[in-house]
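For chain A, the structure is supplied; the task is to place chain B on it using the hints.
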Amino acid sequence: MVGRPLTEAELVERARRGDQDAYGELVHAYQGIAFRTAYLLTGNAADAEDAAQEGFVKAFYALRRFRRGAELRPWLLRIVANEARNRRRSAGRRGKLALRAAAVVPSGGAAPSPELSVLDAERSGQLLAALNELRDEEREVIACRYLLELSEDETAETLGLRKGTVKSRLSRALDHLRERMEVDDV
Amino acid sequence: MSELELALTSLGRKLDYPQTPDLAGVVQRRLAEGRRPVAWRRPIAIALAALFVAVAAVMAVPQARSQVLDWLGIGSVTIHYVDELPKLEPREDFELGARVPLGEARERAQFQVLLPRLDGLEYPTVHYRGDIGMVSLLYGTEKAPRLLISEIVSPGAIDKLLTSQTDVEPVHEGDWSGAWLSGGQHVLFLPVQDQILRLVGTVLVVHNGATTVRIEADVSKDEALRILRSLR
Chain A
4 MVGRPLTEAE LVERARRGDQ DAYGELVHAY QGIAFRTAYL LTGNAADAED AAQEGFVKAF
64 YALRRFRRGA ELRPWLLRIV ANEARNRRRS AGRRGKLALR AAAVVPSGGA APSPELSVLD
124 AERSGQLLAA LNELRDEERE VIACRYLLEL SEDETAETLG LRKGTVKSRL SRALDHLRER
184 MEVDDV
Chain B
195 MSELELALTS LGRKLDYPQT PDLAGVVQRR LAEGRRPVAW RRPIAIALAA LFVAVAAVMA
255 VPQARSQVLD WLGIGSVTIH YVDELPKLEP REDFELGARV PLGEARERAQ FQVLLPRLDG
315 LEYPTVHYRG DIGMVSLLYG TEKAPRLLIS EIVSPGAIDK LLTSQTDVEP VHEGDWSGAW
375 LSGGQHVLFL PVQDQILRLV GTVLVVHNGA TTVRIEADVS KDEALRILRS LR
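Protein chains in written order, with this note's numbering: chain A, 4 to 189; chain B, 195 to 426.
Careful, some of the hints might be misleading.
[Claimed, not checked] Simulated restraints, written as ranges between beta carbons of each label pair:
{"hint": "1", "chain 1": "A", "residue 1": "R138", "chain 2": "B", "residue 2": "E316", "range": "23 to 29 Å"}
{"hint": "2", "chain 1": "B", "residue 1": "R423", "chain 2": "A", "residue 2": "A12", "range": "34 to 40 Å"}
{"hint": "3", "chain 1": "A", "residue 1": "F69", "chain 2": "B", "residue 2": "E363", "range": "40 to 46 Å"}
{"hint": "4", "chain 1": "B", "residue 1": "A226", "chain 2": "A", "residue 2": "R165", "range": "46 to 52 Å"}
{"hint": "5", "chain 1": "A", "residue 1": "H31", "chain 2": "B", "residue 2": "D313", "range": "48 to 54 Å"}
{"hint": "6", "chain 1": "A", "residue 1": "E136", "chain 2": "B", "residue 2": "D416", "range": "49 to 55 Å"}
{"hint": "7", "chain 1": "A", "residue 1": "G72", "chain 2": "B", "residue 2": "T335", "range": "38 to 44 Å"}
{"hint": "8", "chain 1": "A", "residue 1": "K61", "chain 2": "B", "residue 2": "K337", "range": "23 to 29 Å"}
{"hint": "9", "chain 1": "B", "residue 1": "E363", "chain 2": "A", "residue 2": "E11", "range": "47 to 53 Å"}
{"hint": "10", "chain 1": "B", "residue 1": "G403", "chain 2": "A", "residue 2": "T168", "range": "48 to 54 Å"}
{"hint": "11", "chain 1": "B", "residue 1": "E363", "chain 2": "A", "residue 2": "R165", "range": "20 to 26 Å"}
{"hint": "12", "chain 1": "A", "residue 1": "R19", "chain 2": "B", "residue 2": "T335", "range": "32 to 38 Å"}
[Claimed, not checked] Heads up, incomplete: computed chain B residues facing chain A, CB under 10 Å, no partners named:
{"hint": "13", "residue": "R207"}
{"hint": "14", "residue": "E298"}
{"hint": "15", "residue": "A299"}
{"hint": "16", "residue": "Q304"}
{"hint": "17", "residue": "L309"}
{"hint": "18", "residue": "R311"}
Simulated from the structure, these hints should not be mistaken for lab results.
We put the CB at the ideal spot given by N, CA and C, even for glycine.
The following block holds chain B by itself, in its conformation from the complex:
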C-alpha cells in the first residue's frame, strides 16, 4: 500500500461515526408485522391540473352536519362546513416548503417525523414548511403524486373547508383518532397565512396527542389505515 492508502485506512478508524442503532430489533419487529406492498390504484387527485377546476358546489349545511362541526377539531386541523367552496387560483406547486434531507426535517420540526414502513414504497422526497412547522413526505412527483403524508404539531395550523358532498367518517385506530374524508373534494386553507392552498380529494386526518397526520392518496380507507399503522 502507498503512504496515501495507509493514511486513508488510518483515517477510516478516526472518523466520527454515530453510534450504530439497534437495527436487528427494529428489523425483526418490522418482519413480524408482515408488511405487504401498497396497492396503488392511480395517482392521487392532487395533480396540479386539478387546481384549475372551478368548484361551485352550493349546498346548505344540514343541522346534523352542524353538530358534527363541533367535533371536528383534529389536532392541528380544523374542519369547517361551507355552503360553497372558494374558487382557486392556479399554483405552481403544492406549497410544501423547502425540500430537505430527512435528518434536517427532524431537526427543524423538533418532533419525531414518522415514516411509513411498507414494502413497495420508495423513498419519499421530504419537505419542511417552517411557517406552520409541517413536514411532508411526497411519494411520486408533484406532477404525478401517489401518496402525500404531512405531519404537524402546531394547533390550528390548517383549516379544511368542505361542503356536504364530502363524507366524514370518524376513525379510531390504536392511539390515533380523527376522520376519513371522501366522496367530494374539499379545500385546504392556512389561517395563519390567510392562504387557500388547493383542492383535496380523499384523505385520512388523525391525531395522537399533539401530532396530527394527514395521509392523502387514492386508496381505500383500509389501505390508508394500513399506512397509518406502519408509521414509525
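Chain A extracted, bound-state conformation:
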C-alpha cells in the first residue's frame, strides 16, 4: 500500500526534528528557483551554485526559527539571496545576464517570421542591456518581481525589504529602464 505524499508542512515538521530525507525533498522542490535566484543576483553559475547550496544547509540548521504557518519558499529564498549577495560583494562585481540563443522562438505553435524574430531578439537584447546597467538594488527587485515572477510579498521577503520599499523601488527601477530604453531607441 502506498501512503499519500507528505504535505510541505509535514515535511517541514519532520525536517525540523532532524529528518534529512524530508529536508532533501524540500530542497529538491525549491532548488530550481533557489539556483535561479542566486544566479540572477551573482550573474555567475559557480557562485550561484555555492550560494544556493550554502543557503540550503544554513536553512536546515535555522529551521527551528522558521515560523509555523509561514511561506517556506520566500524564507528559503531570503537565505539563499543573502548568500548570493555576500558572494557578489566578495567578488566586487556581478556577471551580466544573457539570453538563450533560441530565446525568440516560441516553444509551441508556428514560428514567427524571420523579421519578427529579429525584432523580438533586438528588443529583448536592448532590455537586457538596460537591465544589466541598473544599480544592484534596482536590478534585484526587478529580477525577483518580473524575471522570477515572485509576488510583491515574496519579493519583499526574499530581499529583506518592506513591501512599500519594494513598490517604490520597482517604480524607480522601471522609470530608469524606460529612460534607458528611450535613449537606446534614439
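Coordinates of chain B only, in the frame set by chain A:
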C-alpha cells in the same frame, strides 16, 4: 501590468540560465556529515606585522632530519632544512595574486578548486596567482586572517625553508598525505620567481595526486584535518 512589465516577464523566460545542479543530493550529503562550526582560537600568525620579525635561528641539521628531507616532497611543495632562516623584507600583502570571483579562479586555474564546507565559515575572498597557478581562499582580512587555504597543481612551485625548530609530523587522511608543520616559524619561498614570500607558523600541507593543499590557521591538527576532510 504595463508593456514594460510584460516585456520583463517575457525576458525572464528567455534568459540563459545554467542547468540547475543537483543541490538536494549535495545538501543531504553535507548534512549527513554533521558539520560543526570551526573553533577558531585567534587570527593566524601571518599578519603583516610578523613580516618585520627578523629571524636568526642558527641550528645544525641533525642526521635524522636530513633523512626526513628526502621524504618531504609534498606535491607542489618541497621542504628544505636550513641552518638559518633568511631575513625577510616587509611586504604590503601576502602576494596571493589578483582577487577574482570563484568561477573565474576555477576557469583560470584549470583544476577543480575545493572549498571547505564547514558551518560557521563565511565566504572567503578568492585569489589567483597566475605565475604558479595557485588559488587561495582567504578567510578574514589580510590584516587579521583567520584561515588561508591555498591550492596548487604545479610541481615544485613552492619551497619551504625550515629549521629544526619546526616539528614535521607525517599525515595521512583518506587519499591525502603530507605533513603537519608546527612549533616554529618557517619561510615560504617561490623558486620560479626566486622570491622569498613570508614567515609561516602552523600549517598542514598535503597532496592528493597532482593537487596540493596548504591549510594555514592557528588551529589544532585535528581541526586542520577536519577542514581538510570538508573540502569539496
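Holds or violated: 38 to 44 Å for the Cβ distance of G72 of chain A and T335 of chain B?
holds (42 Å)
Evaluate the given range 48 to 54 Å for the C-beta pair formed by G403 of chain B and T168 of chain A.
holds (51 Å)
Next item in the hint list is A299 of chain B. Is there a CB on chain A closer than 10 Å to its CB?
Given a least distance of 9 Å, the restraint on A299 of chain B holds.
CB-CB spacing for T335 of chain B and R19 of chain A relative to the 32 to 38 Å hint
holds (36 Å)
Outcome of range test on Cβ distance (K61 of chain A, K337 of chain B; 23 to 29 Å)
holds (27 Å)
Against the range 49 to 55 Å, how does the distance between the Cβ atoms of E136 of chain A and D416 of chain B compare: consistent or not?
At 50 Å between Cβs, range holds.
Are A226 of chain B and R165 of chain A spaced within 46 to 52 Å by their CB atoms?
38 Å Cβ-Cβ, so the 46 to 52 Å window is violated.
Holds or violated: L309 of chain B as interface residue toward chain A, Cβ cutoff 10 Å?
Interface hint status for L309 of chain B: holds (7 Å vs cutoff 10 Å).
Taking the beta carbons of E363 of chain B and E11 of chain A, is their distance inside 47 to 53 Å?
Between E363 of chain B and E11 of chain A, where Cβ atoms are some 50 Å apart, the hint holds.
For the range 48 to 54 Å, tell me whether the beta carbons of H31 of chain A and D313 of chain B fit it or not.
Between H31 of chain A and D313 of chain B, where Cβ atoms are some 21 Å apart, the hint is violated.
Hint validation: R207 of chain B versus chain A, beta carbon distance must be below 10 Å. Holds or violated?
With a closest approach of 8 Å, the R207 of chain B hint holds.
For the hint on E298 of chain B, does the least C-beta distance to chain A fall short of 10 Å?
holds (8 Å)
Of the numbered hints given earlier, the model fails hints 4, 5, 11 and 16; all others are met.
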